[in-house]
Amino acid sequence: MKSKMIIQAWNMAEPSDKAERRMLEAVLEKNHSYRRRTDGYRILRPVLAVILLMFMTGITAAAAQRGHFRDIFSFTHAVTGTAYENADDEITVTAVPEKTGIAVTAVPADMSRAPYREIEEWRISRCTLCDQDGRIIDENPVTAWAPCISGTINITIPVTDMKPGTYRLTITEFTGRRKADQDLPVSGTWVCEITY
Amino acid sequence: MSQTMRLTDTEIAQIYSRHVRTVYRVCYAFMKNPADTEDAVQETFCRLIDRKPVLESEEHEKAWLIRTASNICRNSLRSWWRKRENIDDYYNLPDTGEIRTGDTLRAVMSLPDKYKTPVYLYYYEGYNSREIAGILKKPQSTIRNYLHEARRILRERLGEEFDEE
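As they're listed, the protein sequences go chains C and B.
Residue 143 in numbering that gives the first Met the number 0 is what sits at position 144 of the first sequence, and the numbering runs on without skipping anything.
Residue 134 in numbering that gives the first Met the number 0 is what sits at position 135 of the second sequence, and the numbering runs on without skipping anything.
None of these hints come from the bench; they were simulated from the model.
Here the structure is a predicted model, which means the values were calculated and not measured.
Some clues are possibly wrong.
[As the list claims (entries may be wrong)] Once the Cα atoms are required to be at most 25 angstroms apart in a straight line, the calculated PhoX-like pairs of lysine-lysine come out as:
#1 B:K51 with B:K61
#2 B:K61 with B:K137
#3 B:K61 with C:K29
#4 B:K61 with B:K136
#5 B:K51 with C:K29
#6 B:K51 with B:K136
#7 B:K113 with B:K136
#8 B:K113 with C:K3
#9 B:K61 with C:K17
#10 B:K61 with C:K3
#11 B:K51 with B:K137
#12 C:K3 with C:K98
#13 C:K29 with C:K17
[Unchecked claim] Over 10 angstroms on every C-beta distance to chain B, these chain C residues come out as not near it, computed from the model:
#14 Q7
#15 K29
#16 L47
#17 A82
#18 E89
#19 E117
#20 T127
#21 I148
#22 T155
#23 P163
#24 T188
#25 T194
#26 Y195
Positions of the beta carbon are idealized from the N, C-alpha and C atoms, including for glycine.
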């Protein structure tokens with residue numbers, strides 16, 4: 000009795016033929032639009048993948064070529080300073096022997112860009128001087144601060160009693176400073192051959 | 000029946016003709032008017048197209064559609080837009096003439112939402128509580144409680160008309 004009542008009652012809830020057709024048409028239309036959409040994606044997917052790959056490669060290549068700032072952290076993960084890295088292509092370095100030492104000339108490629116436009120004085124903070132057999136002659140000698148004049152920095156590395164021969168100077172870090180600001184390490188790798 | 004690939008119109012039409020009445024009744028119990036029921040039915044079949052579930056048999060297909068229809072209706076009734084409407088206006092929509100509901104169906108439709116689908120599956124479709132538990136992915140004891148409670152409410156509302164078998 001109970002089931003029969005409910006079955007009879009629910010038999011009343013039935014879509015009309017018209018409603019059934021209407022709903023089917025709407026569902027099929029949705030299927031067509033879905034097909035159009037997915038077909039479009041299927042064609043676009045490889046194109047988008049290539050564009051994305053090119054874009055990401057471009058970013059990586061650009062990042063590899065250009066210098067960038069980096070925070071320096073303490074062991075408690077507090078930011079204690081800033082460094083500028085990967086400046087290899089942004090500074091041209093040449094070195095010539097002199098009586099008082101090695102005269103290093105550094106020329107930043109673009110003085111209008113940070114950090115070069117901000118730095119008032121420079122010095123070499125990390126470098127190695129090796130002879131032609133690879134023996135280290137001098138390491139991290141203290142150099143005097145030198146101003147940047149007309150986009151050129153002239154720094155002298157004080158080495159004396161150099162024997163005749165060919166030497167290799169490898170600079171890995173300059174330090175820049177300006178008034179009332181923390182020193183900025185500018186790192187990269189610059190190699191110069193010097194013959195006495 | 001495997002449906003990992005996109006369905007063709009013919010396949011959709013076949014599934015539709017097999018289950019539209021079942022889905023319609025499940026939706027009608029929730030939505031209580033033909034217009035919203037049609038929307039929910041369409042949404043249920045559209046979801047089948049979108050999701051492309053792997054359905055192994057017609058029974059599995061039916062169970063998936065019933066479960067999806069119930070969820071769509073519940074979500075629709077729970078939506079922000081519905082909550083803005085006056086629920087009394089919504090329940091007392093004018094009769095469109097398409098469906099004439101008797102006292103029994105009205106009593107079933109006035110049950111709490113969670114009881115409607117189990118009642119429909121038990122009384123109309125003839126499933127037992129274990130099968131309903133499988134379809135709705137709920138524990139069997141929960142389904143038995145739902146049916147017990149639904150029967151009590153219907154007996155209260157329908158009185159002697161709703162006698163035990």
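For each hint, the structure was consulted:
| no. | hint | result |
| --- | --- | --- |
| 1 | B:K51 with B:K61 | holds (14 angstroms) |
| 2 | B:K61 with B:K137 | holds (16 angstroms) |
| 3 | B:K61 with C:K29 | holds (20 angstroms) |
| 4 | B:K61 with B:K136 | holds (14 angstroms) |
| 5 | B:K51 with C:K29 | holds (14 angstroms) |
| 6 | B:K51 with B:K136 | holds (19 angstroms) |
| 7 | B:K113 with B:K136 | holds (13 angstroms) |
| 8 | B:K113 with C:K3 | holds (22 angstroms) |
| 9 | B:K61 with C:K17 | holds (23 angstroms) |
| 10 | B:K61 with C:K3 | holds (22 angstroms) |
| 11 | B:K51 with B:K137 | holds (23 angstroms) |
| 12 | C:K3 with C:K98 | violated (115 angstroms) |
| 13 | C:K29 with C:K17 | holds (18 angstroms) |
| 14 | Q7 | violated (7 angstroms) |
| 15 | K29 | violated (5 angstroms) |
| 16 | L47 | holds (21 angstroms) |
| 17 | A82 | holds (51 angstroms) |
| 18 | E89 | holds (52 angstroms) |
| 19 | E117 | holds (53 angstroms) |
| 20 | T127 | holds (63 angstroms) |
| 21 | I148 | holds (69 angstroms) |
| 22 | T155 | holds (73 angstroms) |
| 23 | P163 | holds (79 angstroms) |
| 24 | T188 | holds (55 angstroms) |
| 25 | T194 | holds (73 angstroms) |
| 26 | Y195 | holds (76 angstroms) |
This entry does not satisfy hints 12, 14 and 15, going by the numbered hints stated previously.
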